[in-house]
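The primary structure of each chain is shown beneath.
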Amino acid sequence: MTDRTRIFLLLTPALLLLGGLFLAGLGLGLLRSFRYMPALGLTEPDLSAYAAVLASPGFLASLGLSLWIAGVSTVIAAGLAVLSAVLLRQTFPGRAVILFLFQLNLTVPHLVGAIGILYLFSQSGSFARLAFAAGLIGAPADFPVLTQDPWAIGIILQYVWKEVPFIGLILLANLQAISPGHEAAARSLGASRWQAFRHVLLPMLMPGLVAASALVFAFAFGAYEIPLILGAHAPEALPVLAYRSFTDVDLANRPEAYAMAMIIALIGAGLLAVYARLALPSRGRDAR
Amino acid sequence: MLRLLAPLMLFTFAAEAETAADKALKSMTWDAIVAEARGGEVNWFMWGGADNINQYVSDHIAGILKRDYDITLNRVPITDAADIVNLVLTEKEAGIDAKGAVDLIWINGENFRSMKQADLAFCGYTDLLPNDALVNWENPAVANDFGVPVDECEVPWNTVQFAFAHDSAVTPEPPRDMASLLDWIKANPGRFTYPAPPDFTGSAFLRHVFIHAAGGPDSLIGPFDQTRFDEVATKTWAILNEIEPFLWREGQTYPNTIAQLNELFANGEVAFSFNYDPSQFGLAVQAGTWPESTRSFGLTDGTIGNTNYTLIPFNSPNKAAAMVVQNLLLSGDAQLEKAKTEVWGAAPAIEISRTSPEVKAGFAAIVGHPSVVSAQDLAKAALPELQADWLTAIEAGWKASVGN
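As they're listed, the protein sequences go chains B and E. For reference, each letter of the first sequence is one residue, going 1 to 288 in the working numbering. For reference, each letter of the second sequence is one residue, going 289 to 692 in the working numbering.
Calculated from the structure, these hints are not laboratory results. Predicted, not measured: the structure shown is a model, and the values here were computed from it. Please note that a few of the clues may not be correct.
Claimed, not checked - Within a straight-line C-alpha distance of at most 16 Å, the following computed EDC-like cross-link-like pairs (lysine to aspartate or glutamate) qualify:
#1 Lys404(E) / Asp248(B)
#2 Lys687(E) / Glu183(B)
#3 Lys404(E) / Asp250(B)
As the list claims (entries may be wrong) - Pairwise CB distance ranges (calculated):
#4 Asp250(B) / Pro658(E): 55 to 61 Å
#5 Ala653(E) / His110(B): 47 to 53 Å
#6 Met206(B) / Gln343(E): 56 to 62 Å
#7 Ala24(B) / Ser689(E): 39 to 45 Å
Where is the CB? At the ideal position from N, CA and C, for every residue including glycine.
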């Protein structure tokens, strides 16, 4: 057996899963988004579901909200992650404990985190109760609106809380491969701490940071359960809108639900392309 | 890609005619059906959000089925019957015509309409069930599911009627009709809200306002009428936009689900919750999430009532056993058991007058939960449910004109 066939055989189970479940599902979804659903008597494929989705007034608001949630969450999470990674890279007493605590919430499911945010930050949540006990507010309505709010603060809080350690861990792994000598050299040549970070360390971290951020953005953009629990009733995040349309009582609306899902997938795929460009080794660019 | 997958979709056409097995089943006697059902397994997909309902089904009903009929009942908890409509539809698309995963669904309203629309229901058998005789099919609220004729495609299980809950310690004198409720909302800013449709319960609240705006249900009965809808809808949106600044969070957002409204009520943020199934109020008090001083009431101008059903999908592999389950659920004893306050408190779907003297005495002896307004009190002012087309038009109109 040559190496090539062995590699191929070993990859087969993973490829079968990917091809059989993911790609076939995507293909069926694509067909249905073209209004091809024989079980409902739709046998003439066309693009009218896409036209209907793009023209519906709620769609652009939902798209905007999803981009806002994913964009703001990613930027804040990435900033905090860089800061934490640079600090955690140093040796200090208790570092192991802090590193453990830093990674702890990676194991908490998103859904559990969302319920936790609700219990803590809603207008009748724990912080509101503390504020009431301290005499700061007189009724639940006096507490600032942090969940189901128009700016999606609760949703962004949840994603930041969950994704800082995710990006942070990737950066820490990257940092281990970067010799401290580069920064030391810059410092010895007169760079300030900030200049050494900004012009030496950050550029070396950038590919890993952008790749991790692209993953986080794609996840936050496509996730359904967090905006469902923590979001306002309107506009709804795009995945929530797509699911509502998928469970609409009128079966004739199914193609529109699939069209929305395809648009989400398309944007996700675009981000995957960014990720692939930056994270996967490409021989041409490594030589630079 | 299209060409590649097209053959996959083709065998969905196979499901057109009724299978020979279904025909044979419908021509059997009840005793033969019970014999056929023996050893069968029934996967019942039902809303699983209330522990006591789950317990009634998993312990009481499943116990009798095992003991008397050797049938295994698997209760599959779900959050929304719409998911199961999608599941059965997908099975039909995939050509699964006899070995579906679902044997029984707890269903009504829009989801029933969807099942009928796509020919996903097993129909034309209900008169075979001996306990079908206890059902008053002359009653239009039983023979029509949200205005859609049942046509022997499902079997009634419970009847419910919409009611409001309040905390008598906080709001001792709640408003008793829609007009005074609307006034109350304006006089008490931030203390009322309703779940945004398409939430099932929020949508039902909207229909009460809609019927109020129409001056009563009479002109809304029957098929959808665009002119009449536009007329009433304009008034309804005006009413709802007028109260919006006085709602919870000044109406800038609405709860997405009835569960969120219940949570707001439990936390004292709002003064009222409401439900299509008032027995839920008693359960929330028993569970300790709502105050003991919770009381409930209907409106003097009426609240909407409906019936919920169980349905067998066209591709259930255990139709005989599912029929036995449906027959047992309809029996006087099973209906009495779930009517008991400590079990569930659900109003029966059968005519009590047609049951045995023991069952009649049992119903007469039931003492209601103090937090749950009695079905008899509610029934004094009942409104019919509107047909599904009205319902979807109201939901869409709300989204465009109020909840934007």
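* **Cβ distance range 39 to 45 Å for alanine 24(B) and serine 689(E), holds or violated** => holds (42 Å)
* Do the Cβ positions of methionine 206(B) and glutamine 343(E) conform to the proposed distance bound of 56 to 62 Å? -> Holds - the Cβ-Cβ distance for methionine 206(B) and glutamine 343(E), about 57 Å, lies within 56 to 62 Å.
* Sort out whether glutamate 183(B) lies within 16 Å of lysine 687(E), counting only the CA atoms. => violated (57 Å)
* **Pairwise hint evaluation, aspartate 250(B) against lysine 404(E), where the allowed Cα distance is 16 Å at most** => holds (11 Å)
* Taking 47 to 53 Å as the hint, is the beta-carbon distance of alanine 653(E) and histidine 110(B) inside that range? -> holds (49 Å)
* For aspartate 250(B) and proline 658(E), compare the CB-CB distance with the range 55 to 61 Å and indicate the outcome. => violated (41 Å)
* Compare the distance between the alpha carbons of lysine 404(E) and aspartate 248(B) with 16 Å, and conclude whether the hinted pair is satisfied. => Roughly 15 Å between the alpha carbons, so the hint for lysine 404(E) and aspartate 248(B) holds.
Hints 2, 4 from the list above are not met by this structure, while the remaining hints are.
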